[in-house]
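Since chain Y is already given, all that's left is putting chain Z on it; use the hints.
If you want the building blocks of each chain, they are given just below.
2 protein chains.
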Amino acid sequence: MTQVDVRQRILADNAVAAATLRARFAAARTLVVNLISSPGSGKTTLLEATVRALGGRWRLGAIEGDIATDRDADRLRALGIPAHQILTGGSCHLDARQVGRALEEHDLGPLDVLFIENVGNLVCPTSYDLGEDFKIALLSVTEGEDKPFKYPSIFAKAAVTVVTKADLMPYVSFKLDEVRAQVTALRPGGTLLVTSATTGQGIAEWCALLEQRLAEKRGGGS
Amino acid sequence: MTQVDVRQRILADNAVAAATLRARFAAARTLVVNLISSPGSGKTTLLEATVRALGGRWRLGAIEGDIATDRDADRLRALGIPAHQILTGGSCHLDARQVGRALEEHDLGPLDVLFIENVGNLVCPTSYDLGEDFKIALLSVTEGEDKPFKYPSIFAKAAVTVVTKADLMPYVSFKLDEVRAQVTALRPGGTLLVTSATTGQGIAEWCALLEQRLAEKRGGGS
Numbered sequence: 055m056t057q058v059d060v061r062q063r064i065l066a067d068n069a070v071a072a073a074t075l076r077a078r079f080a081a082a083r084t085l086v087v088n089l090i091s092s093p094g095s096g097k098t099t100l101l102e103a104t105v106r107a108l109g110g111r112w113r114l115g116a117i118e119g120d121i122a123t124d125r126d127a128d129r130l131r132a133l134g135i136p137a138h139q140i141l142t143g144g145s146c147h148l149d150a151r152q153v154g155r156a157l158e159e160h161d162l163g164p165l166d167v168l169f170i171e172n173v174g175n176l177v178c179p180t181s182y183d184l185g186e187d188f189k190i191a192l193l194s195v196t197e198g199e200d201k202p203f204k205y206p207s208i209f210a211k212a213a214v215t216v217v218t219k220a221d222l223m224p225y226v227s228f229k230l231d232e233v234r235a236q237v238t239a240l241r242p243g244g245t246l247l248v249t250s251a252t253t254g255q256g257i258a259e260w261c262a263l264l265e266q267r268l269a270e271k272r273g274g275g276s
Numbered sequence: 055m056t057q058v059d060v061r062q063r064i065l066a067d068n069a070v071a072a073a074t075l076r077a078r079f080a081a082a083r084t085l086v087v088n089l090i091s092s093p094g095s096g097k098t099t100l101l102e103a104t105v106r107a108l109g110g111r112w113r114l115g116a117i118e119g120d121i122a123t124d125r126d127a128d129r130l131r132a133l134g135i136p137a138h139q140i141l142t143g144g145s146c147h148l149d150a151r152q153v154g155r156a157l158e159e160h161d162l163g164p165l166d167v168l169f170i171e172n173v174g175n176l177v178c179p180t181s182y183d184l185g186e187d188f189k190i191a192l193l194s195v196t197e198g199e200d201k202p203f204k205y206p207s208i209f210a211k212a213a214v215t216v217v218t219k220a221d222l223m224p225y226v227s228f229k230l231d232e233v234r235a236q237v238t239a240l241r242p243g244g245t246l247l248v249t250s251a252t253t254g255q256g257i258a259e260w261c262a263l264l265e266q267r268l269a270e271k272r273g274g275g276s
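Protein chains in written order, with the numbering used here: chain Y, 55 to 276; chain Z, 55 to 276.
To be clear, the hints were calculated from the coordinates, so they are not data collected in a lab. Possibly wrong hints are sitting among the right ones.
[To be verified] Computed, partial: chain Y to chain Z, Cβ under 7 Å:
id, residue
1, V60
2, T123
3, D200
4, F203
5, P206
6, A220
7, L222
Using N, Cα and C, we set each Cβ at its ideal position, and we do this for glycine too.
So that you can see chain Y by itself, here it is in the shape it has in the complex (with noise of 0.2 Å):
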């Protein structure tokens, strides 16, 4: 069996989980985001900020991929709301399997929204399938703005691209035009919000988007 043989069985695999994943999604009508971005984007501080906004209204969850330390899950559980953290040992992304197996072995509970915090990685999450209804991408204005071009396959695949940290942009090279050029490009039709959980900027946007794909949701499976 060649590398290439053990990778595409591994990605059946997946997919096989992920639908397993999704039909339990769809019957507890729980929306499921999942998050990917390079490390230290803003993913933690994105869900901190929309658990501030809208914890009191909607049942939020959240489960956290990290290769070690439970930091993520602390920070949101500290905010009242149900996390679980997955420890990868090493792997570089999470799979439909450990999040199967993390929703059996720890009840989050009934949930509108269910987040997916995965590994700070912009490459290896992008494959793997965790029965979500979108997927996002997030960028810091720090991290430059030559990265869609760069790591095409994610900021294709995110139905969502999640500029973070625009409080910054006045110290940065920043040239939001350009990365909305590449975005369209890469992902028509798809979505763009410019965000800062600091000053609170584009979260109002964004709990937007989350209710209207919840509704949509539930309006489609009532």
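Just chain Z, lined up with the frame of chain Y:
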């Protein structure tokens, strides 16, 4: 053959190719540095600052690893040093065979220092020896101080951790003491440098470190 078997075989093949590269670099008396970080941490920017500081005195060259775009090699060639771009076509890291092939196909000439800028990824490149003298891990202050313990493998394997974008420290929460403590725990005796390519902070120390390592390599080989 299981997934684990395949991975072990891939790493064993890589080790053989890396040993060949290391012998080649020893014969050429070239110091080789493998740069690893998240996307957008400032690898190419550090190299630009290094070329500006040392390019007149030393023969420098670079191999750039990216999934797509020749942009990074273009940036270095614009400064007058030979640079070759390896496009991995989706792969999340460079391997020793890719580097060997690149050197066969694109002669960079005799070099004092060869920089190998890996694909932007804090996880996967860590496992692949490229025949380098040492690895450096870059961490920008905007990524947050929790990263060494979240991505322990690279910070344990890197002889040098280079904190970048120190000029942005006034605008972000970044606890340098915590990074120092984590890096010391993961790599006792390792070196931590604090740099800014914008202000020039730490660039002289970085160049002095390269100079010392090159002298050691040539002293040891003479």
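Here's how the hints hold up against the structure:
Using the Cβ-Cβ criterion of 7 Å, the hint placing V60 (chain Y) at the interface with chain Z is satisfied: the shortest such distance is roughly 5 Å. Interface hint at T123 (chain Y): satisfied, since its Cβ lies 5 Å from the closest Cβ of chain Z, which is below the 7 Å cut-off. The interface hint given for D200 (chain Y) is met, as the beta carbon of that residue sits about 6 Å from the closest beta carbon of chain Z, less than 7 Å. For F203 (chain Y), the interface hint holds, the least distance from its beta-carbon to any beta-carbon of chain Z being 5 Å, beneath 7 Å.
The interface hint given for P206 (chain Y) holds, since its Cβ lies 5 Å from the closest Cβ of chain Z, which is under the 7 Å cut-off. Checking A220 (chain Y) against chain Z: minimum C-beta separation of about 12 Å lies over 7 Å; hint violated. Contact between L222 (chain Y) and chain Z, as hinted, is supported at the beta carbon level, the nearest pair being about 6 Å apart and thus within 7 Å.
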